[in-house]
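Asker: Protein chains in written order, with this note's numbering: chain C, 1 to 225; chain L, 1 to 248.
Just so you know, these hints were derived from the structure itself, not from any lab. Please note that the accuracy of each hint is not assured.
Listed next, the in silico DSSO-like pairs over lysine-lysine satisfying Cα-Cα at most 30 Å (straight line) [to be verified]:
#1 Lys139/L / Lys32/C
#2 Lys139/L / Lys226/L
#3 Lys139/L / Lys33/C
Quick caveat: nothing in here was measured; it's all calculated off a predicted structure.
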Amino acid sequence: MHIMEGFLPVEHAFGWTIASTPFVAYGIYAVKKRIRDNPEQRMLLGVAAAFTFVLSALKLPSVTGSCSHPTGTGLGAILFGPAAMAPIGMVVLLFQALLLAHGGLTTLGANTFSMAIVGPFAAAALFGLARRLKLSFAVSVFIAASMADLLTYVTTSAQLAWAFPDPEGGFVASFAKFAGIFAITQIPLAISEGLLTVVIFNALKRFNARELQDMNLLSRTEVRV
Amino acid sequence: MLIEQSAYANRWRQVAPAAKGLFALGGFIAAFAARAPIAAIAVALLIATTTLVGAGIPFGRYLRVATPALFFLGISCLSLAFSLNLNSDTQALSFHLTPTGMQQVAEVSARSLGALSALLFLVLTTPLIDLIAMLRRLKTPEALLEIMVLSYRMLFVFSEAVHDTLTAQSARLGYATSRLALRSLGDLAANLTLQVWQRAHALHVAAQSRNNDGPLRFLEPVFTNKRRDVAFATAGGSVLVLLAVVLS
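Starting from the given sequences, assemble the full structure and let the hints guide the process.
Answerer: Set out below in structure tokens:
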């Protein structure tokens, strides 16, 4: 779910752009450093952005029967790392605005913050935590992917509530309204995306366990050769 | 992608992207500068008419492209219009329409429609590759531009891979039930995930074999009437801003 073009007041649009800039800049810096060590990875970001864009265009069978699209933030954060997801996510959101009129240019900063910063960082942190708590690989992936989705939607609701507080109930009432109305589509989507990401990683684990182990996503004992 | 088709096949394809960008910028400024909803609506109507009549975009396609954004606007306005109130005595939640809420709905939806029409004007008349060239001239960081250029090209490669895989899976009843659909989609995405590394590596090898170790450069199209176009666009953009200010 992206905030549409022109929906946020001008000071919020600018504010979120300024808030997102350091994360995107750090992401580019981190990626440049990685490319210096592994020059063969220099095409990776562009290809990963295209992959995320195409993935977000897939139709996901939703629990409630309606069709929705995965965000790919959880999957991307686990595969490419949360820092790299900030520039990748920003380009994907820009392309969605320019090629699909989904989201917008003035709301790019706010959408980047919720979808390319909060979601991926939450996913990476939760995945790391779940692995440290010795939860199984599938459960860790499910928690990371579905919570990345949920937190993205909670952040968007908070952004909208901050911009448009309820005249009587203030921020809290407004947040409850936005979160409540979007929950109808977003909670089933989070569950479906969590399941889908587990299926993706199961397929990767079955056929490409070595690659996952190289990325430090799987432990040695989990790889069956 | 409907927007891509229009961007390459509209009457203003040969108009300089800088001019179209300037006009859209005028539209954004006008939408945000409009104090009264009627002013923002007038701006939106003027830009939409310019897009439909001037650039020759079919009305049906315009509506189809705008639908997802309008859907978002509809449900967001619904939540703006109603006020949520917790009665402290009875502990009961109540919803009711408020005049402030209605005023806010009018302002926000008018502004959003104004800005949306400006965005649609830009994207329906200008191909993404021209927009990226424009961003390059505006001194966007090279690292971001490189992601955009590569990802724009790879997008179609991946789309085709997805299309072919979906066809093959559907032919084998891969999407017959929702359980099967989830499994098929998972296999499809896993297969695509692997291609990310394979294709990135292949691109790197291809670039290296041509002695490329820096930014990817492309020939940019030449727009012969750039000055005239920019002058027209500046005038048009100014009219939009003036209209917003006068009607407010």
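Asker: Each hint needs a verdict: does it hold in this structure or not?
Answerer: Going through the hints against the structure:
| no. | hint | result |
| --- | --- | --- |
| 1 | Lys139/L / Lys32/C | 19 Å, holds |
| 2 | Lys139/L / Lys226/L | 20 Å, holds |
| 3 | Lys139/L / Lys33/C | 22 Å, holds |
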